[in-house]
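Work out the full structure: start from the sequences and follow the hints.
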Amino acid sequence: MNDTINLLMNHRSIRKYKNEPVTDEQLNTIIAAAQMASSSSNVQAYSVIAVTDPGLKDELASLAGNQAYIQECPVFLVWCADLYRLREAAASQAAGEETYEDTTENYTVATIDVALAAQNAAIAAESLGLGIVYIGGIRNQIGEVAERLGLPELVYPVFGMCLGVPDQEPLLRPRLPLPAVLHRNGYDREETTAQVKEYDKTLSSYMQERSSGKQTATWSEMMAKRLTQPARLQLKPFLESKGFMKR
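Last residue of the sequence shown: 1189 (our numbering), numbering continuous.
One thing to keep in mind: the hints can contain errors.
[What the hints assert, rightly or not] The list that follows gives simulated cross-link-like pairs (lysine-lysine, DSSO-like), each with its CA atoms no further than 27 Å apart:
no., residue 1, residue 2
1, Lys1156, Lys1143
2, Lys1188, Lys1178
3, Lys1167, Lys1143
4, Lys1178, Lys999
5, Lys1178, Lys1167
6, Lys1167, Lys1139
7, Lys1167, Lys1156
8, Lys1156, Lys1139
9, Lys958, Lys999
10, Lys999, Lys960
11, Lys958, Lys1156
[Said to hold, decoys possible] If you anchor each label on the Cβ, the simulated ranges turn out as follows:
no., residue 1, residue 2, range
12, Leu950, Pro1172, 43 to 49 Å
13, Glu1140, Ala1032, 47 to 53 Å
14, Gly1155, Thr971, 38 to 44 Å
15, Arg1126, Ala1033, 43 to 49 Å
16, Thr1046, Asp1130, 28 to 34 Å
17, Gln1013, Ser1153, 41 to 47 Å
18, Ser1004, Gln1110, 46 to 52 Å
Honestly, the hints are just simulated from the structure, not real lab data. All C-beta atoms, glycine included, are put in the ideal place defined by N, C-alpha and C.
Structural data, given as structure tokens:
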């Protein structure tokens, strides 16, 4: 394997950070790398808010479920899907014409764009010796987060990302077996079922090792727990209130 593949194969979510800064040069390099991610029709429908103010990080940590690593990391990035900039650009060139920034398609484009850019940033950060962890918890109270960050219409926070110098080296979390996700010439349900059963054993062993025997849950058990509990049901009305997915 080459260095790039090795970097990708050794990704870990980092939740403990050293008391060391992320330099402006590092941050600018990471975001510049993010900007080179693929983008549908070059719309680049995302914005990134770099949060370094300790008080604001405290507020966001509270809104995200009291995740302490948001407070402890030197830089917390909030990755936003952004169709506001697209609408403004269109309005400047097509005054009086109907625009379609509020479609489900454009919402999908923006959400994919920001995810691709963020993953580029994650890889760039790790190549510089930094660590990251994605934070979906900023959607717990998404309206409050959007208000606190001053997000305009057609901008929503998709996830956060802690960024800093790692102060831990957690175990690599095993992924689903390749045949569970790589289908050839059609979706293979039988193979998926068989591979999930094998993965249940693998992940249960990992959980036991990670927790010194205190946790033994399988992947299927974790997913059952996740899907039988309502989560973030406020997201759809919030998105609609921000101008997304109206048609």
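Comparing the hints with the structure gives:
| no. | hint | result |
| --- | --- | --- |
| 1 | Lys1156 with Lys1143 | holds (16 Å) |
| 2 | Lys1188 with Lys1178 | holds (11 Å) |
| 3 | Lys1167 with Lys1143 | holds (17 Å) |
| 4 | Lys1178 with Lys999 | holds (25 Å) |
| 5 | Lys1178 with Lys1167 | holds (22 Å) |
| 6 | Lys1167 with Lys1139 | holds (17 Å) |
| 7 | Lys1167 with Lys1156 | holds (18 Å) |
| 8 | Lys1156 with Lys1139 | holds (21 Å) |
| 9 | Lys958 with Lys999 | holds (15 Å) |
| 10 | Lys999 with Lys960 | holds (16 Å) |
| 11 | Lys958 with Lys1156 | holds (21 Å) |
| 12 | Leu950 with Pro1172: 43 to 49 Å | violated (34 Å) |
| 13 | Glu1140 with Ala1032: 47 to 53 Å | holds (50 Å) |
| 14 | Gly1155 with Thr971: 38 to 44 Å | holds (42 Å) |
| 15 | Arg1126 with Ala1033: 43 to 49 Å | holds (46 Å) |
| 16 | Thr1046 with Asp1130: 28 to 34 Å | holds (29 Å) |
| 17 | Gln1013 with Ser1153: 41 to 47 Å | violated (24 Å) |
| 18 | Ser1004 with Gln1110: 46 to 52 Å | violated (23 Å) |
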